[in-house]
Amino acid sequence: MSAVQTPRRDGGSRAGRPTATGAPRGASAPAVRRPRVAWWRTGLGLVLTAVMLFPVYWILNVSLTQTQDLRRTPPSLLPLAPTFEGYEAVLDQQLQALGVSLLVGLGTVVLTVVVAAPAGWALAKMRPRGAGALSFALLVAQMIPAVVMAMGFYSVYVRLGLLNEVWGLVIADSTIAVPFAVLLFTAFMSGLPDELLDAARVDGASTWRIFVAVVLPLSRNSVITVSLFAFLWAWSDFVFASTLNRQGDLVPITLSLFAYIGNNTTQWNAVMATAVVASVPAAVLLVLAQRYVAAGVTAGAVKD
Amino acid sequence: MSPSTVTAPSGTRTGAAVPPPRRRRREAGPGGSRRAALLFLLPLLVYLVAFYVYPLLRNIDLSLRDYTIRAFITGTADFVGLDNYREILADRTFGQAVVNTAVFTGVSIAAQFALGLALAVFFRHSFPLSGVLRALFLVPWLLPLIVSASAWSWMLNSENGVVNAALAAVGLPTVNWLTSPGWALVSVTLANIWLGIPFNLVILYSGLQNISADLYEAASLDGATGRQQFWRITLPLLAPVSAITLLLGLVYTLKVVDIIWIMTTGGPGSSSTTLAIWSYREAFGTGQPDFSPAAAVGNLLILVALAGGLLYLWLQRRQARS
Chain C
1 MSAVQTPRRD GGSRAGRPTA TGAPRGASAP AVRRPRVAWW RTGLGLVLTA VMLFPVYWIL
61 NVSLTQTQDL RRTPPSLLPL APTFEGYEAV LDQQLQALGV SLLVGLGTVV LTVVVAAPAG
121 WALAKMRPRG AGALSFALLV AQMIPAVVMA MGFYSVYVRL GLLNEVWGLV IADSTIAVPF
181 AVLLFTAFMS GLPDELLDAA RVDGASTWRI FVAVVLPLSR NSVITVSLFA FLWAWSDFVF
241 ASTLNRQGDL VPITLSLFAY IGNNTTQWNA VMATAVVASV PAAVLLVLAQ RYVAAGVTAG
301 AVKD
Chain B
1001 MSPSTVTAPS GTRTGAAVPP PRRRRREAGP GGSRRAALLF LLPLLVYLVA FYVYPLLRNI
1061 DLSLRDYTIR AFITGTADFV GLDNYREILA DRTFGQAVVN TAVFTGVSIA AQFALGLALA
1121 VFFRHSFPLS GVLRALFLVP WLLPLIVSAS AWSWMLNSEN GVVNAALAAV GLPTVNWLTS
1181 PGWALVSVTL ANIWLGIPFN LVILYSGLQN ISADLYEAAS LDGATGRQQF WRITLPLLAP
1241 VSAITLLLGL VYTLKVVDII WIMTTGGPGS SSTTLAIWSY REAFGTGQPD FSPAAAVGNL
1301 LILVALAGGL LYLWLQRRQA RS
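Line by line, the protein sequences are chains C and B. At position 279 of the first sequence the residue is numbered 279 (our numbering), and the sequence of numbers has no breaks. To convert, count from 1 in the second sequence and add 1000; that's our numbering.
Worth flagging that the hints you see were computed from the coordinates, not collected in a lab. Fair warning: this is a prediction, and the values are worked out from it, not measured in the lab. Glycine is no exception: its CB is placed at the ideal position from the N, C-alpha and C atoms. Any given hint could turn out to be false.
Pairwise CB distance ranges (calculated) [what the hints assert, rightly or not]:
1) Val280(C) to Gln1229(B): 34 to 44 angstroms
2) Val1132(B) to Asn164(C): 40 to 50 angstroms
3) Pro1043(B) to Asp249(C): 23 to 33 angstroms
4) Gly191(C) to Leu1311(B): 20 to 30 angstroms
5) Pro74(C) to Ala1224(B): 17 to 27 angstroms
Here are some, though not all, of the chain B residues that point toward chain C, as calculated from beta-carbon distances under 8 angstroms [claimed, not checked]:
6) Ala1037
7) Leu1038
8) Arg1058
9) Leu1143
10) Ser1150
11) Val1251
12) Val1257
13) Tyr1280
14) Gly1298
15) Ile1302
16) Tyr1312
17) Arg1317
18) Arg1321
Same shape as in the complex, but just chain B (with noise of 0.2 angstroms):
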């Protein structure tokens, strides 16, 4: 690009004397003209489109047709229309794959909050090592989801646990931890808010910062206590980055597939397998792999997705709003 604006691309623009309108021809902005624009854009374009498009588009493919390893090699195979759908919606784990989705989720998303809430509302004031702590809550974030899902595997281990040793130790019960179909759903919920926390604390605690100390102060002044603090400042304000936390929250958590699958695979029979897990497991968990079912729950997936998004852009624009 030229330094001046003589060679602008259109040439709808004057010398750089002449102070450009500002109302409605924003041709380019303060970084460069929309030509640049494109050029910088272009590497990411070409990308989404090979490594985003591309792939979704011969998901839709694969979820119309009837594939199989062999149709792979050869390249043929038979278009089936919406049997798949069909196919997966009368299959009897769809029910149950729905139902443990929507319990693995729920809980999932409210305990992570709350708990992440009381954690920020915890370390809203800062007291002697407060950073340091706070820090440490990040830890299970950070790590690997095979290393925090092998460590609760052996931690739940029915016979050489520790959750069982603790349990016994106090007179309870043990319990088969991951291996009945009982438990199983519990087993990986726990853990995954365990994973989760972190997230919302961060969050949480970032959105509290952004409330003045003011209002705290003159609501203390007022004689309220600390619960009609919490009750009347903290969560009203808090509302639009809550509704934004349990949002990514839901999307998130409705894809895990590496926590259930490393601790329980999904089972004992389907008894932990959500719709994620139940795609992953039809295309790559067996030995024969059914990839046009698979596809087809997937792409239900991504529908909810579709609906996550549209739904935080509305929160977003109504938090920009207010």
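Extracted from the complex, chain C is given alone in its bound form (with noise of 0.2 angstroms):
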């Protein structure tokens, strides 16, 4: 059912790449064909990496600057005189907004999670009627737009008085991850082995039982990619945020960092801060679970 192909079992793509973690290829490596190591394509590597990071350094750069210097020009390219006031800023007016997201986040990993996970392992062993139509219907559910999709959700919520509610913000968030989530779950879950299935069957397992007690463990790479896409596309979302939350008490990080943004045209430094700080969980993400990273994108379904 993936798109382009299924994640591979162990969730990284080990493939092809031996020596890719840095070491260098010494001697004792078998490089048979090529005697010598490509260091300019690692000198080209790292200016191309550079270039591509330069947005990212910058914001780093400009968080650190005093605000008296932010509007020198040309503006300085290093932060050499670098003030944390910033980030004394975040701290004093951003850390309810940081935990809402992190409530956010949490809740649609859950939800999204449970919804999907038994769903998957149906429509990968069970071959239920209309499978391929749900699977296709999974398939377009992910290319509506959201703001689409916040419209219907603004409509339902005014009448169920859901607006500004983070519980409200949970449902939609899931509604990016879910469609994804059953589709990765369904692609990992077929490749588990029949016979294990069967010898758990005779053993006298459950259904069910198989599910959670077989099934699931054996599914903790996709529950972990998963897991992580969830949390990072809540944590990211803006349009939900913007269109069914945009008055409550408990706003997200991204919409408090759109309302400083729109507040608080002189201070970029804190406006910058606060995006370091928003952005802490991705890099977290990024040196941890970079391999589960890797499975998703490939997974074919992405973010929008």
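Starting from two chains that each stand alone, build the complex the way the hints lay out.
Here it is in structure tokens:
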């Protein structure tokens, strides 16, 4: 079901890069045909990465710049006299918004996994009627613009009084992740060996028990990938937050940052410091779970 | 469910001792019966109906009535049929939004694809630090869009932006990137290309991993140059993956709101307004929300999404056959 290829069982993309972790190929490596290490590629790669990541560097640089230096021309390329006043402002004003985002992110993860994992299992191994139609519906669901969903949710929430509620936002954010999650679980769980299930059934395990005790533990990697993306998308969401939660007491960090930009065009160091703090989950995930990220992206169904 | 197949749901299955007939009667999959499947699917089905189908139906209802904020509260809005659709098609913004959407989407995905492919080919050979650098290329994709968008806003700021400072340093005229009608769309497109490169890189890179190294070896033994190898091996064999990458890029770029809204709010005027932005602005971006035309624009976008889904399925089938 997955688009480009199913996520690899180990969640990573190890194929074809045995020495890619940075260890230079020494004489002991079996590099028979290419005796010399391609250092020029490393040099070019460093330059390309630097160009690509310049905006990220710029966020850091501006976040450390003193307020009176922000409007200097030309701008200083290095934070030579770094200040942390921007970060102090973040701690003063944004802690609550960060907490809200954390709550929304975790809520979205739980809702997404609870809804998607059993469904993925059913689609993978139980041959339900209408599986093809359901998969297609999930595919299309991922392509529906968030702005359309936002209007639909708005009109529903107005009546239910769910506007400006954190739980309303959790539900809306989960719609970004659920179709992706079901398709990813299905692709992954299809690869589990049938013999294992037969063995469990012979041992007297019920369908539910097999799912909980055998399938879920074996699917740990796909659960991690799904959770990671669900969290990241909920954390980063702007469209739902800015439409369904615009007057709430508890706003997530994306909306708080947006309001900050609007009100506070003089203090870009504080804005950028907020941006840095808002990016921390992404940075942590990149360091801790890069192989899951790569697996999720190649699973085809990806962020809008 | 009982451990054996004694209580098979519709009684068609025999005991476990006899291997079930393989061909026609596939009553149950290896994971469980169809009734169990329904139970496992139930949360998802309820979820889809409540949080997809119902909001989308409400959205259609919105587009067929004349809704205002007051009508939301009182719950009474006049039924106007297809008037909202006629209205948006006749609106002067519509033509511009379609052109902007086409330019924004077309240029974005073409550039993202070309750059992503170039980088994927570059990273195909492993070299010292290649794994780390490839991971770093994911950063723009992982950052919250609001963060990237505000970074670009400040970099492209007319008076204090680093881009204009760089232009001035080499003696070029500076540009009002975000505030002049001629450049706003260029600016948001640039930022969007930057955002999309990681996605294209990762997918195309994984596609390249599936091309056998033997082919390249054989080609280079036959004396094929790197360029010939790219055009004769890489590109043709990558075609199915490329098609899907481009299609996903198309669908995802069509619905982009965040980056444009944060950088320019679709302006100045409507110069960087796409269809998605138009819909967002009508419904949520002004003091006087106009939900009904916004919903009509949104429903047009859904039709595009549906077409995208069908095309995707077709491409996937074709790929599976080959």
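So, going through the hints one by one against the coordinates:
1. Val280(C) to Gln1229(B): 34 to 44 angstroms: Distance hint for valine 280(C), glutamine 1229(B) holds at roughly 42 angstroms.
2. Val1132(B) to Asn164(C): 40 to 50 angstroms: holds, 43 angstroms
3. Pro1043(B) to Asp249(C): 23 to 33 angstroms: Taking Cβ atoms as reference, proline 1043(B) and aspartate 249(C) lie about 31 angstroms apart, which means the hint holds.
4. Gly191(C) to Leu1311(B): 20 to 30 angstroms: The hint (20 to 30 angstroms, Cβ to Cβ) holds, given that glycine 191(C) and leucine 1311(B) are roughly 27 angstroms apart.
5. Pro74(C) to Ala1224(B): 17 to 27 angstroms: violated, 48 angstroms
6. Ala1037: holds, 4 angstroms
7. Leu1038: holds, 6 angstroms
8. Arg1058: holds, 5 angstroms
9. Leu1143: holds, 5 angstroms
10. Ser1150: holds, 6 angstroms
11. Val1251: holds, 5 angstroms
12. Val1257: holds, 5 angstroms
13. Tyr1280: holds, 5 angstroms
14. Gly1298: Cβ of glycine 1298(B) sits 4 angstroms from chain C, so the hint holds.
15. Ile1302: The hint holds - isoleucine 1302(B) has a Cβ within 8 angstroms of chain C, the shortest such distance being about 6 angstroms.
16. Tyr1312: holds, 6 angstroms
17. Arg1317: violated, 11 angstroms
18. Arg1321: Hint on arginine 1321(B): violated, closest Cβ of chain C at ~16 angstroms, above 8 angstroms.
Comparing the model with each earlier hint shows violations of hints 5, 17 and 18; every other hint is respected.
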